[in-house]
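Top line first, the protein sequences correspond to chains A and B. The opening residue of the first sequence carries number 1 in the UniProt record's numbering; numbering runs sequentially from there. The opening residue of the second sequence carries number 1 in the UniProt record's numbering; numbering runs sequentially from there.
Don't take each hint at face value.
The list that follows gives simulated cross-link-like pairs (lysine-lysine, DSSO-like), each with its CA atoms no further than 30 Å apart [as the list claims (entries may be wrong)]: (1) K143/A to K145/B; (2) K123/A to K78/A; (3) K89/B to K11/A; (4) K14/A to K145/B; (5) K11/A to K145/B; (6) K142/A to K123/A; (7) K248/B to K142/A; (8) K78/A to K49/A.
FYI, nobody ran anything at the bench for these hints, they're computed from the structure.
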Amino acid sequence: MASISARRLSKELKEIMNEGCPVGITLLKAEDFVSWQFTIQVMGESLYKDEIFTLLFRFDRDYPISSPAVQFVTVDGKVSPVHPHVYSNGHICASILGSEWSPVLSVISVCVTLQSMLASCKKKERPADNDRYVRHAPDNPKKTQWHYDDDTV
Amino acid sequence: MSDITTPVAPKLEPAALPPVDDVNAPPPPLAVPVTEATELSQLTTAQVYELNQSLLDEASDVERPLIDQLLPISALRAEYENGNPAFTKQIDWLTEKGYQYIRRTRGDGDCFYRSLAFAYVEQIMSSIQPDDSAQKALTVLRDTKPMLEQAGFQEIVYQDFYEELESLLLRVLRPNEITHQRLDTVTLLQSFQTPEVSNSIVVYLRLLTSAQVRADPDAFAPFLFHPEIGEPLEVREFCEAFIEAVGKEADHVQMTALSRALGLNVDVAYLDGRDSSGQVDFVQFRNPEGSTLTPITLLYRPGHYDILLNMG
Numbered sequence: 001m002a003s004i005s006a007r008r009l010s011k012e013l014k015e016i017m018n019e020g021c022p023v024g025i026t027l028l029k030a031e032d033f034v035s036w037q038f039t040i041q042v043m044g045e046s047l048y049k050d051e052i053f054t055l056l057f058r059f060d061r062d063y064p065i066s067s068p069a070v071q072f073v074t075v076d077g078k079v080s081p082v083h084p085h086v087y088s089n090g091h092i093c094a095s096i097l098g099s100e101w102s103p104v105l106s107v108i109s110v111c112v113t114l115q116s117m118l119a120s121c122k123k124k125e126r127p128a129d130n131d132r133y134v135r136h137a138p139d140n141p142k143k144t145q146w147h148y149d150d151d152t153v
Numbered sequence: 001m002s003d004i005t006t007p008v009a010p011k012l013e014p015a016a017l018p019p020v021d022d023v024n025a026p027p028p029p030l031a032v033p034v035t036e037a038t039e040l041s042q043l044t045t046a047q048v049y050e051l052n053q054s055l056l057d058e059a060s061d062v063e064r065p066l067i068d069q070l071l072p073i074s075a076l077r078a079e080y081e082n083g084n085p086a087f088t089k090q091i092d093w094l095t096e097k098g099y100q101y102i103r104r105t106r107g108d109g110d111c112f113y114r115s116l117a118f119a120y121v122e123q124i125m126s127s128i129q130p131d132d133s134a135q136k137a138l139t140v141l142r143d144t145k146p147m148l149e150q151a152g153f154q155e156i157v158y159q160d161f162y163e164e165l166e167s168l169l170l171r172v173l174r175p176n177e178i179t180h181q182r183l184d185t186v187t188l189l190q191s192f193q194t195p196e197v198s199n200s201i202v203v204y205l206r207l208l209t210s211a212q213v214r215a216d217p218d219a220f221a222p223f224l225f226h227p228e229i230g231e232p233l234e235v236r237e238f239c240e241a242f243i244e245a246v247g248k249e250a251d252h253v254q255m256t257a258l259s260r261a262l263g264l265n266v267d268v269a270y271l272d273g274r275d276s277s278g279q280v281d282f283v284q285f286r287n288p289e290g291s292t293l294t295p296i297t298l299l300y301r302p303g304h305y306d307i308l309l310n311m312g
């Protein structure tokens, strides 16, 4: 039998193909069940007007029981949004990607959550510990033990 | 919750407790004196990496199988012999009452669901009329799908997990199409040691527990608190963060909801070193419709559940 991640991701992909992505989110690349890419932008008035970001999802065999590794792409001229929960290397500090992940969530629901995280941002700034985090950060953001001290930003 | 007996859990005294290897336990001190006050920038890259790794390993109790072979309870006793004698006394008390075996589970925060699921399928498989029991269980299980829909879970979310549990129950009735084997003690254990199968079943039970709480908010709402800070939580908040999220430990609310959803009786023996006479308190979750069912027994130590068996 196909791995649980392949079974689930093929269903999610079918749904995306049939119903399309929510406004502001487009599927860039989904050629396997290892990594997918989306572009994401905030619609309407926001601090990120006219900015488009690329999100990278990496899945292991246990997805959706284990969370996907999600980050903004920062190569080939792409940049991560300047946001208090987003590091300049693209890593994101969001509880739903860590301790509050649940298999009820999906790739699209993560995109939508991150989109609204950007939409509600009041001040464009990097996390206070950006430089020292980026210097030591593991390649995979799932290997970081995050402290979710402020979910209201 | 009026129709299920839920006595108050014995209060614990953390100082007297032996270490239990579970994800929600506070991490033990690291070899390198790294504290919250330590500046991350003072550490070398290797140290930061090590810090991450040790935390991750700690969190998953990776050495232990997801669920283990049956062991005599004396194996557990041996671990407490140099500790608080209240624990060995309680283990002796259990032994005298006929609880002579345990089956240990990995301390990954899913241990209640995993223990319950294993004991549930094993009870059906080893009942006097396994076919009958499996048919009944399948009927109950199939009826849980509308409940999940009602709670707002889409089929895409639960179907793969549901099928893992259903297929185990079906294998009590008829041999597996590929292996031509019916479910027995060996294949049941193999299934539960296979992460994909085992974790899928855990997730299904989590979704079912959540659906049961969401279906009866009035009954559960007064009991929904944040497990660490004690603040009251909305039904949805509680279900999302403390039932559906993988690795979040179960407490009374979850045990009540799940035993009700599956129509089970569950007894939880509290091994907490609290009673110096050695007596062990059992918290009973009783289902009015399952009044004749033999209860499944679990052994609770602060922060962890294992399966307890009475072979007497």
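Hint by hint, here is what the structure shows:
| no. | hint | result |
| --- | --- | --- |
| 1 | K143/A to K145/B | violated, 35 Å |
| 2 | K123/A to K78/A | holds, 21 Å |
| 3 | K89/B to K11/A | violated, 53 Å |
| 4 | K14/A to K145/B | holds, 22 Å |
| 5 | K11/A to K145/B | holds, 18 Å |
| 6 | K142/A to K123/A | holds, 26 Å |
| 7 | K248/B to K142/A | holds, 18 Å |
| 8 | K78/A to K49/A | holds, 16 Å |
Hint violations for this structure: numbers 1 and 3, all remaining hints satisfied.
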